[in-house]
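Engineer: Next come the chains, spelled out residue by residue.
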Amino acid sequence: MSEDPRARLMVSVRQGWDLDSRVHQDRLIQMVQAQQIEVLILDPIRSVTATTDQAFSELRPFVQFLRRLVRETGVQLLLTHHDTKQRTTGTDKRRHPQRMSGGGLFSIVDAPIHLEKLPGDGSASLLVPSDYKFSTTPPPVRLHLTTDDPKVATWARLRAAVVAAGSVLNLEQDDKVLAYLREHRGQEFSGRQLKEELNMGQATVGASLNRLFAANLVEQRRGSGAEHNALLWRAANTVGLPAPSATSSRSRRR
Amino acid sequence: MKQNDDELEDVLQPMAWHGVDFTSTSGNQRYGTCPWCGKPKFYANRKTGLWDCKVCGVNGNVSQFLERMFDEVYRPGYTDASRRAFAEHYKLPLEALQDVDLGYGDRGYVFPIRDPKDRIVNLRTKALGKNTLGTKGIGGADLGLWCADDVKATELSVHHFLCEGETDALAVRGKLRRLKKPGAVWSVPGATSFDEAWAERFRGCAVHVLFDNDEGGVRGDGYLHRRLHGVAKELTFLSWSDDEEMQGWDVRDYLTRGKAWSRLVSWFSSEPRSHSDDTDELADLRPEPFDAFVDRLADTTRPPDLITDLVPGQGITLVHSQPRTHKTWVMLEFAVAITSGTDAFGSPKHTVPTAKRVWYLTEEDPPTEIRDRLTALLAGRNDE
Chain A
1 MSEDPRARLM
11 VSVRQGWDLD
21 SRVHQDRLIQ
31 MVQAQQIEVL
41 ILDPIRSVTA
51 TTDQAFSELR
61 PFVQFLRRLV
71 RETGVQLLLT
81 HHDTKQRTTG
91 TDKRRHPQRM
101 SGGGLFSIVD
111 APIHLEKLPG
121 DGSASLLVPS
131 DYKFSTTPPP
141 VRLHLTTDDP
151 KVATWARLRA
161 AVVAAGSVLN
171 LEQDDKVLAY
181 LREHRGQEFS
191 GRQLKEELNM
201 GQATVGASLN
211 RLFAANLVEQ
221 RRGSGAEHNA
231 LLWRAANTVG
241 LPAPSATSSR
251 SRRR
Chain B
1 MKQNDDELED
11 VLQPMAWHGV
21 DFTSTSGNQR
31 YGTCPWCGKP
41 KFYANRKTGL
51 WDCKVCGVNG
61 NVSQFLERMF
71 DEVYRPGYTD
81 ASRRAFAEHY
91 KLPLEALQDV
101 DLGYGDRGYV
111 FPIRDPKDRI
121 VNLRTKALGK
131 NTLGTKGIGG
141 ADLGLWCADD
151 VKATELSVHH
161 FLCEGETDAL
171 AVRGKLRRLK
181 KPGAVWSVPG
191 ATSFDEAWAE
201 RFRGCAVHVL
211 FDNDEGGVRG
221 DGYLHRRLHG
231 VAKELTFLSW
241 SDDEEMQGWD
251 VRDYLTRGKA
261 WSRLVSWFSS
271 EPRSHSDDTD
281 ELADLRPEPF
291 DAFVDRLADT
301 TRPPDLITDL
311 VPGQGITLVH
321 SQPRTHKTWV
331 MLEFAVAITS
341 GTDAFGSPKH
351 TVPTAKRVWY
361 LTEEDPPTEI
371 RDRLTALLAG
381 RNDE
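Top to bottom, those sequences are chains A and B.
Sequential numbering of the first sequence, starting at 1, is according to my numbering.
Sequential numbering of the second sequence, starting at 1, is according to my numbering.
These are computed hints drawn from the structure, not numbers from a lab.
We treat Cβ as the ideally placed atom computed from N, Cα and C, and that holds for glycine.
Treat the hints with care, as some may be off.
Stated by the list, open to error - Here are the in silico distance ranges between beta carbons for each label pair: (1) A:D4 with B:K259: 34 to 40 angstroms; (2) A:D110 with B:P182: 51 to 57 angstroms; (3) B:P76 with A:F56: 58 to 64 angstroms; (4) A:R71 with B:R84: 39 to 45 angstroms; (5) A:K133 with B:K117: 50 to 56 angstroms; (6) A:G16 with B:P323: 19 to 25 angstroms; (7) A:S135 with B:N28: 53 to 59 angstroms; (8) B:R371 with A:R71: 55 to 61 angstroms; (9) B:G129 with A:S107: 42 to 48 angstroms; (10) B:R46 with A:P150: 50 to 56 angstroms.
What the hints assert, rightly or not - Computed footprint of chain B on chain A; a stretch qualifies when at least three of its residues, placed anywhere within it, have a C-beta under 8 angstroms from a C-beta of chain B: (11) 13-23; (12) 35-43; (13) 50-56; (14) 108-114; (15) 122-131; (16) 150-157.
As the list claims (entries may be wrong) - Under 8 angstroms between C-beta atoms, here's a sample of chain A residues computed to sit facing chain B: (17) L9; (18) F134; (19) L143.
If we strip away everything but chain B, and leave its shape as in the complex, we get (with noise of 0.2 angstroms):
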């Protein structure tokens, strides 16, 4: 019987992501289908992750794992055509894609997020036009930097830079790359998802942050400066100009316009386009003249309701009852209908206006009877 994913140790979840088939579950071992012989002999312990092939005769830890899928699998199948398919979809030079540690399998592009020893931590996925996604890496890591370049090779003495996105940081080295100037790129998953313990590995470090001109990517800068500010040796980040053009626009939006690298660089500053230390953001804790609200709000309109008539588009909504009135099912119902951006309780009344992406997060019910629940109600629809 196939072992449910809900199911399956967070230790085996990558193995389980990146094709080993797990179909029975014996003492402290999981047993399934090897991913490199397709026999059913590939055995993993539950608790630590060691791993045995019997018919392949290699075995290790998780990061094995990872780095032979890595090796055996993705790195093999980024070819030509993968990297002319991704050059064109997102108008990058091909050098961008050259010499990359990139590789590719049935979900897209394999992008090896790689600890600062070098081992592989986590494989995260990206098919074109979609956004990357991740499993849990080894120990939970399913957020992670991901260095374009041999991470071994990058000195103390190369500029780093830190870009938004995957595509972004391709961008950003196939411009370097075409001007022959040395330095290693790097995607930070989010602009304020910068894990602390990354720090060290820029500790003497040039490193540029080159964060997209929207909202998210100045306060991105802010996140940066609190946890880089002391530890790189030089920072500077990437403060855009005024031009109207260019708002909302990232990196690779300027380069593939074709607009000059040094006048990119000539925006470098020391100083980040906001802070977020505790000084600073106190700065930020001030009255706003009236008008200057306004316009700042001028394009800004009341969302819509996210389901009409019954859950309003801003503000936090909480439905509360005594226990067994079908709270969970209500919740259920409500994700069901967000995400399909059809009616909630089959009334036209209670439409979706746009279908959004939601999170269910539960610590108290078992995930079976999330899953079943979820399941029937998706039929339920499905029949109508």
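Chain A extracted, bound-state conformation (with noise of 0.2 angstroms):
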């Protein structure tokens, strides 16, 4: 690694921050400015104040305390929060942010990241960024969590891989069209004859082969004569992508 992080990194667990106090309010600035710290993490945001999932009232003399350390520290904040509780009905089509619990923390953030475990064995998620205020919206990327011991690892790696889906439906549809298109490498198909093959909506591989091929994952040409002018799909010769898959293998090390 180019620096030591330890020589850089401050940890404080369970050591009694309450950031509705105004004294743990000028303690968090002052230790902030004597530790010359420039990134502070609080994870989770409630653990420190109990106005999170409250009115926006309630939530603005944080607020205003956040902006205040910022403003005399230059800090820089991520923070963690949790969303409401998932429907257990019907597809949740609200944006990402939207889900997020107490709606008035969602007004004063500038990038929010939301993340959702994907079906198997757990050690995967789905990192979804959206809606950013001063830049563009990165794309998202599955996250693959990989130990030695998944009780107690002494030895982790969380690595990423973008996608073209932004919500897990929309992935297992991604990584099963990739896996056709991927195993049948060479081969171009028209999206109906995806659609035979793969037992899926048209609608639905249109959609997934849009996706794919924004994220350079496929690639399209326009056939010709007896093809009746399809587009036709391939997957594309990128070297190093992750290999599709809806439910990730056991953890394993390398």
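Fit chain to chain and form the complex, with the hints in mind.
Structural biologist: And the structure:
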């Protein structure tokens, strides 16, 4: 590693910080200045304030403190927060930030990132940035946690691969289509052929192919003659992309 | 088995930081290796911090432990060689470091933080070229004022000089001694880190604030004004010259360039460079002409991403999810990537342009869990 992270990393775990208290707020600002902290991570934010799940009027004093903290110290804030309970019926069509508990918090966040567990053994998640205020929103990534021992890891790696889909459902569909195209690498298929081979709806296959194309994971060309000008799709010759798999295999050390 | 520092009671942290190797626990007692005799017969009460070495036959409270460490280990360690090394590194005159309340130990120079009754409440350490560090002192006092001079000898009639950091304080002290001028020199741990409780020490005194010629120093003036106005008999602030050369300087920069003390004193003003009392804060709430606003930001560029294509370099980033979706793993990975300046998630798309100092704060997960996860992530990177 280029720098020793131990020299730059400060940790406070269960020390009793209560950032609804003015005394603790002043103390935090003092500490950030004295220790020359450049990035402060509050994980999760509700462990240091009781206001996050309340209406904005209750949250406002805490928000004012965060702004004062940034103004007086220049520190950058990385926070975590929980979502509201998952809907038990139907598909959750809310935008990702709207799933955040306590809507007021969303209004002060400049870069919301949603995490969603992927089906399987629990080692994979989908990380979806959305609605960035000051820059282009980055593409989603699939995270995969690998450890030597899931209970007490002495060794762990969290690895990311860019994906096209922004939801678990779409990701499963994309994985299915991409897996088929890669399995038949070198061959070209029309959307109709893929629909029949994969037993999926035409619109679903079309949407998936468009997402994969936007992420440079598949290539397309316009057919001619007997192919009736249909779009023909094949897997892109991209090296180093993740094997598409909606259900990741059990984590093992390489 | 060695006790994990995370699990050690706050009251015992100063002892662990300054040489006691706690190895075991028995009821209300922890015991370990004595820093003076090296024998495993050092006992300390987990609630009160009262300690006792069965071999040395000495005992006391936490303050007495720190006093003893300072008097028997650190003060004798502060020799001519360490004095010269400090003076050379910071370009200070040797007079600045003579008869000073300073020690030297394994971690570098040791600055005793004393309470108004002259009891040591913390020992802060500083290696050459590094920031001053402190563990929790008595009652969580990890910050405090350091007086370069014998605090008992400081009288009301003496002028008190408050500087931003120890090296500035020593530079001022060196100049005062060279000019044979009386004065007590203090180090404040940060421009806006002056606890209200410390103000009482300066009641009825003449106080001069010599903070840096930068934005933090200007803000610090207002901060000190709010705390010392009406407490100190005389209160002045160093109002730096507009000379462009001096932008960003501190008093050490000024004095080590051989510039005149009398000129610096001529810039003392009873008016702070900024006010931070409520009324004057309101005075800052006014519209700014557009051209002035653009000029003020002329040298300011948009900061690069903290983590390229993931975490922007400004604003608040928030990761949200249902429970058990690797939120904490992600934040710890962010922390390790940012502090090490290496790619997040092992992905060349997510580089870290500049390594930064990070504080990870949680009230939720147990310390052992955080320790294990961080250690595992570091081990995972080192294996690559």
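Engineer: Hint by hint, note whether the structure agrees.
Structural biologist: Hint check results:
1. Checking the proposed 34 to 40 angstroms range against A:D4 and B:K259 shows it holds: the Cβ atoms sit about 38 angstroms from each other.
2. Between A:D110 and B:P182 the Cβ separation comes to about 53 angstroms, which falls inside the hinted range of 51 to 57 angstroms.
3. Checked against the hint of 58 to 64 angstroms, the pair B:P76 and A:F56 passes, with Cβ atoms roughly 60 angstroms apart.
4. Take A:R71 and B:R84: their Cβ atoms lie about 42 angstroms apart, and the range 39 to 45 angstroms holds.
5. Remark: the range hint 50 to 56 angstroms for A:K133 to B:K117 is upheld by a beta-carbon distance near 52 angstroms.
6. For the pair A:G16 and B:P323, the supplied restraint of 19 to 25 angstroms holds, since their beta-carbon distance comes to about 23 angstroms.
7. In this structure, A:S135 and B:N28 meet the distance hint of 53 to 59 angstroms, their C-beta atoms being roughly 55 angstroms apart.
8. With their beta carbons about 33 angstroms apart, B:R371 and A:R71 fall outside the hinted range of 55 to 61 angstroms.
9. Between B:G129 and A:S107 the beta carbon distance is about 43 angstroms. The supplied range of 42 to 48 angstroms therefore holds.
10. Checked against the hint of 50 to 56 angstroms, the C-beta distance between B:R46 and A:P150 comes to roughly 34 angstroms, which is inconsistent with it.
11. For the region 13-23 of chain A, the stated coverage by chain B holds: 5 residues have a C-beta nearer than 8 angstroms to a C-beta of that chain, and at least 3 were required.
12. Taking a C-beta to C-beta cut-off of 8 angstroms, the region 35-43 of chain A contributes 9 residues in contact with chain B, enough for the three needed, and the coverage statement holds.
13. Counting residues of the region 50-56 of chain A whose C-beta lies closer than 8 angstroms to any C-beta of chain B gives 0; at least three are required, and the coverage claim is violated.
14. Counting residues of the region 108-114 of chain A whose CB lies closer than 8 angstroms to any CB of chain B gives 7, which reaches the minimum of 3, so the coverage claim holds.
15. As drawn, the region 122-131 of chain A meets chain B at 4 residues by the rule of a beta-carbon pair under 8 angstroms; at three or more, the given contact holds.
16. For the region 150-157 of chain A, the stated coverage by chain B is satisfied: 6 residues place a CB nearer than 8 angstroms to a CB of that chain, which reaches the threshold of 3.
17. Hint on A:L9 holds. Least Cβ distance to chain B is approximately 5 angstroms, under the 8 angstroms limit.
18. Because the closest C-beta pair between A:F134 and chain B is about 6 angstroms apart, less than 8 angstroms, the hint holds.
19. Satisfaction of the interface hint for A:L143 is found here, the shortest Cβ-Cβ separation to chain B being roughly 6 angstroms, below the 8 angstroms cut-off.
Checked against the numbered hints above, the structure violates hints 8, 10, 13; every other hint is satisfied.
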